[in-house]
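Participant: If you want the building blocks of each chain, they are given just below.
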Amino acid sequence: EAGVVQSPRYKIIEKKQPVAFWCNPISGHNTLYWYLQNLGQGPELLIRYENEEAVDDSQLPKDRFSAERLKGVDSTLKIQPAELGDSAVYLCASSLLEGTQYFGPGTRLTVL
Amino acid sequence: AQSVSQHNHHVILSEAASLELGCNYSYGGTVNLFWYVQYPGQHLQLLLKYFSGDPLVKGIKGFEAEFIKSKFSFNLRKPSVQWSDTAEYFCAVNSRGAAGNKLTFGGGTRVLVKP
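Listed in order, the protein sequences are those of chains A and B. Counting in our numbering, the final residue of the first sequence is number 115, and the numbers go up one at a time with none missing. Counting in our numbering, the final residue of the second sequence is number 185, and the numbers go up one at a time with none missing.
Treat the hints as calculated values from the structure; they're not laboratory data. Don't take every hint at face value.
What the hints assert, rightly or not - Calculated from the model, a selection of chain A residues having no Cβ within reach of chain B, i.e. all distances over 12 Å:
| no. | residue |
| --- | --- |
| 1 | K19 |
| 2 | R51 |
| 3 | E55 |
| 4 | K74 |
| 5 | L87 |
| 6 | L94 |
| 7 | E101 |
Claimed, not checked - Capping the alpha-carbon separation at 27 Å, the derived lysine-lysine pairs in DSS-like fashion look like this:
| no. | chain 1 | residue 1 | chain 2 | residue 2 |
| --- | --- | --- | --- | --- |
| 8 | A | K65 | B | K172 |
| 9 | B | K128 | B | K172 |
| 10 | B | K184 | B | K148 |
| 11 | A | K81 | B | K172 |
| 12 | A | K74 | B | K172 |
| 13 | A | K18 | A | K81 |
| 14 | A | K14 | A | K65 |
| 15 | B | K184 | B | K172 |
The C-beta atom is built at its ideal place from N, Cα and C for all residues, glycine as well.
Here chain A stands alone, though its shape is the one from the complex:
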């Protein structure tokens, strides 16, 4: 069974530029999560989807971050404009209902 797929794996951009990350969850998993992981810290939830509905986006900085999961499968996380402090690893995870979460490899973002 294929795991959670994320792309790109690495991204380097200059500040004020936009950037987008893509995630394809495990087949059949209706719940999808985006996490932010800063260096030396554990992941922190940004947003959780159940199917195409964002059911918890309380930790998403909505002034510059946006996310979508239009057909309830793939998801995109966008930052516009990026700031230096956004440099981190962005993780996607998926689960079946409220079961165990499985993580993708992450996208390492560097903002110069």
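Go by the hints and put chain B onto chain A.
Facilitator: Just chain B now, with coordinates in the frame of chain A:
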């Protein structure tokens, strides 16, 4: 709000030594508990989990963890480590029923096993 605390940020030990990583959480309700591992250059992988039943949980690669409800703890153990156990270990808690399936992670413990 729930929080998770991992006592050690870095642990260095030799092969065959025993490992114990501490994890404490703060939440008064019913919880699910997890240990995830991240090997160098790889993604987070589930090591073991506790939902209910026997508080001593056995996971992959010889790891086990014990849930002690009265101490709000879920410590990870391995009797004899190998060089390949070098990784970062994260404890995570999911408060059942509240706010959905929201995992709260500890800060992680980097473990270096010297050959």
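Participant: The structure should be examined with respect to each hint, and the outcome stated for every one.
Facilitator: Verification of the supplied hints:
At roughly 30 Å from the closest C-beta of chain B, the C-beta of K19 (chain A) stays outside 12 Å, upholding its exclusion from the interface. Non-interface status of R51 (chain A) relative to chain B is broken: a Cβ of that chain comes within 12 Å, the nearest being about 6 Å off. In this structure E55 (chain A) is separated from chain B by more than 12 Å, as the shortest Cβ-Cβ distance comes to about 15 Å. In this structure K74 (chain A) is separated from chain B by more than 12 Å, as the shortest Cβ-Cβ distance comes to about 21 Å.
Annotated as non-interface, L87 (chain A) keeps its C-beta farther than 12 Å from every C-beta of chain B; the closest such distance is 22 Å. L94 (chain A), annotated as away from the interface, has a beta carbon of chain B within 12 Å; the closest lies near 7 Å. Look at E101 (chain A): its CB is around 4 Å from the nearest CB on chain B, not clear of 12 Å, so calling it non-interface is violated. As the CA atoms of K65 (chain A) and K172 (chain B) are separated by approximately 19 Å, the hinted pair is consistent with the 27 Å bound.
Note on K128 (chain B) and K172 (chain B): the hinted pairing holds, with a Cα-Cα distance of about 23 Å set against a maximum of 27 Å. Restraint check for K184 (chain B) and K148 (chain B): satisfied, since their Cα atoms lie roughly 15 Å apart, inside the 27 Å limit. Distance check on the hinted pair: K81 (chain A) and K172 (chain B) sit about 21 Å apart at the alpha-carbon level, within 27 Å; holds. Proximity of K74 (chain A) to K172 (chain B) is assessed by CA-CA distance (about 22 Å); at most 27 Å being required, the pair is judged to hold.
For the proposed pair K18 (chain A) and K81 (chain A), the alpha carbon gap of about 14 Å is at most 27 Å, so the pair holds. At roughly 21 Å between alpha-carbon atoms, K14 (chain A) and K65 (chain A) fall within 27 Å of each other, so this suggested pair holds. Proposed proximity of K184 (chain B) and K172 (chain B) is contradicted: the alpha carbons are some 35 Å apart, above 27 Å.
When the structure is compared with the earlier hints, violations turn up for hints 2, 6, 7 and 15 and for no others.
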